[in-house]
Amino acid sequence: MTPLLLSVSVQREAKERFKEKWDCRYFTYLGNIVMLVNLEGESEITRLTDECDRFCKWADRFFGAVVTVGLGKSCEDLASLRYSYEGAREALSYRVIYGAGRSINIADIAPKGQELSMQPEDIDMNGVFKAIHIGVREDIEHAVLSLVNELKDNAKTIMQHNFTVMEIVGHLYRFCGNNYIKFEDHTGEVRNAYEEIPKMDKNALSAWLISVALSISDELKNARNSSLRYLISEAKNIVRDRYSDAGLSLDTVCSGLGVSNSYFSSIFKKEAGISFITYLTDYRMQQAVRLILETNEKSYEIAEHVGYEDANYFSYVFKRKYGMSPSKYRTEHIGK
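The working numbering puts the first residue of the sequence shown at 18, with every later residue one more than the last.
No wet-lab data here; the hints were simulated from the structure. Since the model is a prediction, treat every value here as computed from it, not as a measurement. Positions of the beta carbon are idealized from the N, C-alpha and C atoms, including for glycine. Check before you lean on any hint, since a few could be wrong.
To be verified - Capping the alpha-carbon separation at 20 angstroms, the derived lysine to any residue pairs in SDA-like fashion look like this:
1) Lys32 to Arg42
2) Lys338 to Asp327
3) Lys147 to Ser232
4) Lys74 to Arg64
5) Lys253 to Ile294
6) Lys315 to Ser342
7) Lys169 to Val186
8) Lys286 to Val306
9) Lys238 to Ile294
10) Lys32 to Tyr43
11) Lys74 to Phe35
12) Lys238 to Ile249
13) Lys336 to Val306
14) Lys338 to Ser261
15) Lys199 to Tyr211
16) Lys336 to Ser272
17) Lys238 to Tyr190
18) Lys336 to Thr298
19) Lys253 to Gly275
What the hints assert, rightly or not - Label pairs and their computed distance ranges (CB to CB):
20) Asn171 to Glu37: 45 to 55 angstroms
21) Lys219 to Arg64: 46 to 56 angstroms
22) His178 to Ser292: 53 to 63 angstroms
23) Ser292 to Gly81: 19 to 29 angstroms
24) His159 to Ser292: 33 to 43 angstroms
25) Lys38 to Ser292: 24 to 34 angstroms
26) Leu95 to Leu21: 23 to 33 angstroms
27) Val153 to Met217: 23 to 33 angstroms
28) Arg64 to Asp94: 17 to 27 angstroms
29) Ser292 to Asn220: 45 to 55 angstroms
Kindly produce the complete structure, drawing on both the sequences and the hints.
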């Protein structure tokens, strides 16, 4: 199947799958399929993210097509639509980190990233900021060098050059503020950036900007990893506290944490090495074993204690895990 035919097929199937859920409009732009979705409220963005993720997996299974969906932040008027689109494009760039063939919501991975698209048109820092978020050294160096070359090509006077350099510093300062980072911690030996940076030649300016960008990128990466670890830790705490609740599921945990199922499932498996459902099941089975060995409760009572309303299904899961029924497990292990 040719790329064009594949694109047409994917768009047709997307229309069919989403038409009952949302009012959508589709068109092709710069080789990508753009889907505009009319949502009832901002809270629906999580549901949309998960539906898009399921569509990506469906497309891979039935078409063998690697479909990646980037979702921008929702907006309330047509004038803001371009910022949502730019956010969706930025979300797509994160597939180098989170993988292709899935949906990626910019609000999940870079809550402050949307503000990066709202820079003045006279100096475009988006390439630098995108590279900082992704964190690949070569991309950061390339983006900075492109920015400095653009500055040198377009600045016709000393005043124009100095003004533009200070504008770059200002953008970096605001970028740090938007991401809760202290800009002064990343300026190296430069104490007064607004005074010292305009005096630098092209090579010195490039080297300083690359150093600053790499330093900021490292802090963002550490903060992102800390955020991921926090989510995983909170999810495990929820399991520990509520494993006996039969209603505990991936949906309820994600709802409580305020993230989409697809994003949470991806990071949990990446960090923990197993899926969340497997972790929940294993934890429940561990508690079941403890109750089997430490109490005289019957299987149906233990099933209820560890979150299974159906005792037969509990026995099935237990046997699949340990190779024997709960009653046989008790007989063999207590008798030893």
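Task: Hint numbers contradicted by this structure - done: 8, 9, 16
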